[in-house]
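**Student:** So the protein sequences, as listed, match chains A and B. Residues in the first sequence are numbered consecutively from 0, following numbering that gives the first Met the number 0. Residues in the second sequence are numbered consecutively from 0, following numbering that gives the first Met the number 0.
Everything labelled a hint here was simulated from the structure, so no lab data went into it. No experiment lies behind these values; they were computed from the predicted model shown. Some hints here could point you the wrong way.
Unchecked claim - Some residues of chain A that are not near chain B, with every Cβ distance over 10 Å (derived):
id: 1; residue: 10
id: 2; residue: 39
id: 3; residue: 47
id: 4; residue: 50
id: 5; residue: 85
id: 6; residue: 96
id: 7; residue: 111
Stated by the list, open to error - The calculated DSS-like cross-link candidates involving lysine-lysine, where the alpha carbons are at most 27 Å apart (straight line), are:
id: 8; chain 1: B; residue 1: 114; chain 2: B; residue 2: 61
id: 9; chain 1: B; residue 1: 22; chain 2: A; residue 2: 25
id: 10; chain 1: B; residue 1: 187; chain 2: B; residue 2: 133
id: 11; chain 1: A; residue 1: 14; chain 2: B; residue 2: 133
id: 12; chain 1: B; residue 1: 250; chain 2: B; residue 2: 193
id: 13; chain 1: B; residue 1: 193; chain 2: B; residue 2: 133
id: 14; chain 1: B; residue 1: 187; chain 2: B; residue 2: 174
id: 15; chain 1: B; residue 1: 94; chain 2: B; residue 2: 63
id: 16; chain 1: B; residue 1: 174; chain 2: B; residue 2: 94
id: 17; chain 1: B; residue 1: 163; chain 2: B; residue 2: 233
id: 18; chain 1: B; residue 1: 114; chain 2: B; residue 2: 133
id: 19; chain 1: A; residue 1: 14; chain 2: B; residue 2: 174
id: 20; chain 1: B; residue 1: 133; chain 2: A; residue 2: 25
id: 21; chain 1: B; residue 1: 94; chain 2: B; residue 2: 114
id: 22; chain 1: A; residue 1: 25; chain 2: B; residue 2: 187
Unchecked claim - Which bits of chain B does chain A cover? Going by a derived footprint, with three or more residues having C-beta under 8 Å, they are:
id: 23; region: 186 to 192
id: 24; region: 207 to 220
id: 25; region: 237 to 250
Even glycine gets a Cβ: it sits at the ideal position worked out from N, Cα and C.
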Amino acid sequence: MNECPYLQPYEDLVKKFGGSEALVAKIANTLLASWGADYKEFADNLRAGNGEEAARKLHRVKGAVGYFVTDELHQQIIEVETLAKEGRLEEARQQEPGLLGSLERFDNALRAAIER
Amino acid sequence: MYPLVILERIAQNDQRGLTRRVKILYAEDNQTQAEIIKDFLDLGLPAAELDHVETLAEAEAKLKNDSYDIVLLDLGLPDAEGSVVVQGVHTADPKAKIIVLTAQGEEESARQCLKIGASEYLVKRDVTYECLLKAIASVTSEGSESIQVEVEQTLEELRAMAGKDSDSSFEQFGKVYSRLISEPRFVKSSEHRKFAEQLVSRGLSGADALALHADSLESVCKQAERQDLASVLKSSQTVLTATLVYMIDAKRSVSEEKPL
Chain A
0 MNECPYLQPY
10 EDLVKKFGGS
20 EALVAKIANT
30 LLASWGADYK
40 EFADNLRAGN
50 GEEAARKLHR
60 VKGAVGYFVT
70 DELHQQIIEV
80 ETLAKEGRLE
90 EARQQEPGLL
100 GSLERFDNAL
110 RAAIER
Chain B
0 MYPLVILERI
10 AQNDQRGLTR
20 RVKILYAEDN
30 QTQAEIIKDF
40 LDLGLPAAEL
50 DHVETLAEAE
60 AKLKNDSYDI
70 VLLDLGLPDA
80 EGSVVVQGVH
90 TADPKAKIIV
100 LTAQGEEESA
110 RQCLKIGASE
120 YLVKRDVTYE
130 CLLKAIASVT
140 SEGSESIQVE
150 VEQTLEELRA
160 MAGKDSDSSF
170 EQFGKVYSRL
180 ISEPRFVKSS
190 EHRKFAEQLV
200 SRGLSGADAL
210 ALHADSLESV
220 CKQAERQDLA
230 SVLKSSQTVL
240 TATLVYMIDA
250 KRSVSEEKPL
């Protein structure tokens, strides 16, 4: 049982990964080690006004975290990605800190889940 | 629910399910996603051969130099996106079965890909170990299931026409007859004619020949690679026709030689 609204229930994750807790931990560790770098590239590109590239980078983040996050966080990512893709950069910039906060909460919850 | 037995057979590369190792090409540039799919395959298809590439150009090059049963395809590669990716892969190897992995919200694009060569699509976020194996089982058995049915129907028809079992004739002649079916170079050769004459001299009728043909065909099909069944079935028709014609000829010769 986890309390983070952004992380799928651990039991569901294990089921999704063929019943293997080891596999969940392995993939989670890869994800935890990599999403930050992709996110930074997204944020840098967004600040620099490169909407399409920012959207591409956020798309990668979405692909990586997609297996673990809840619909709520997934939708949040899609919204910012769409804004960046459509060139609505100011709106995307406004939403970016909130998105980062959600992803960090997700990150903490996932770390705690696999440590348990 | 997909029959568990098929998943198990595929997982074990069982002779009854897949007669050879499944070869998969996986095109994906996102490392985390790639690792997830690779781990699913390691877990479910440990004997599968997997090649991973990150671009369409690399995928096309692999497909031109090698043969794959399945291509798992991300629609957002660095050098191409959407249907262009599927078209490129399908052109490079029209025989490879394509399973598209698409992002949530882009299902319409994936559905379009089914019209231009993809066999199946999966939404990445929803991909589980089980559904990935199901998709692989589904596309790899597409063709082989139908040919298996065709073989069984043919055997049934032949046995119904014969109206009898081959009994001891299969023990006597099955080995040679099976060779005629499996090795097309002997079909309509002088050996084939002599073999048919031998059947007549041993007193076999047309019905006996049909029964012998059915048992021999069944024996060859059991040993054949699944992908070879269609050609075995096709060549067996020529074998049967020629055998019956040679037997008629032989009978006619025998009756002509009989003194009045």
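**Student:** Hints first: check each against the structure and report whether it holds.
**Tutor:** Hint check results:
| no. | hint | result |
| --- | --- | --- |
| 1 | 10 | holds, 13 Å |
| 2 | 39 | holds, 15 Å |
| 3 | 47 | holds, 20 Å |
| 4 | 50 | holds, 17 Å |
| 5 | 85 | holds, 14 Å |
| 6 | 96 | holds, 24 Å |
| 7 | 111 | holds, 19 Å |
| 8 | 114/B / 61/B | holds, 23 Å |
| 9 | 22/B / 25/A | holds, 25 Å |
| 10 | 187/B / 133/B | violated, 44 Å |
| 11 | 14/A / 133/B | holds, 15 Å |
| 12 | 250/B / 193/B | holds, 13 Å |
| 13 | 193/B / 133/B | violated, 50 Å |
| 14 | 187/B / 174/B | holds, 17 Å |
| 15 | 94/B / 63/B | holds, 12 Å |
| 16 | 174/B / 94/B | violated, 34 Å |
| 17 | 163/B / 233/B | holds, 23 Å |
| 18 | 114/B / 133/B | holds, 21 Å |
| 19 | 14/A / 174/B | violated, 51 Å |
| 20 | 133/B / 25/A | holds, 23 Å |
| 21 | 94/B / 114/B | holds, 15 Å |
| 22 | 25/A / 187/B | violated, 61 Å |
| 23 | 186 to 192 | violated (count 0) |
| 24 | 207 to 220 | violated (count 0) |
| 25 | 237 to 250 | violated (count 0) |
Violated hints, listed in ascending order, are 10, 13, 16, 19, 22, 23, 24 and 25; each of the other numbered hints is respected by the structure.
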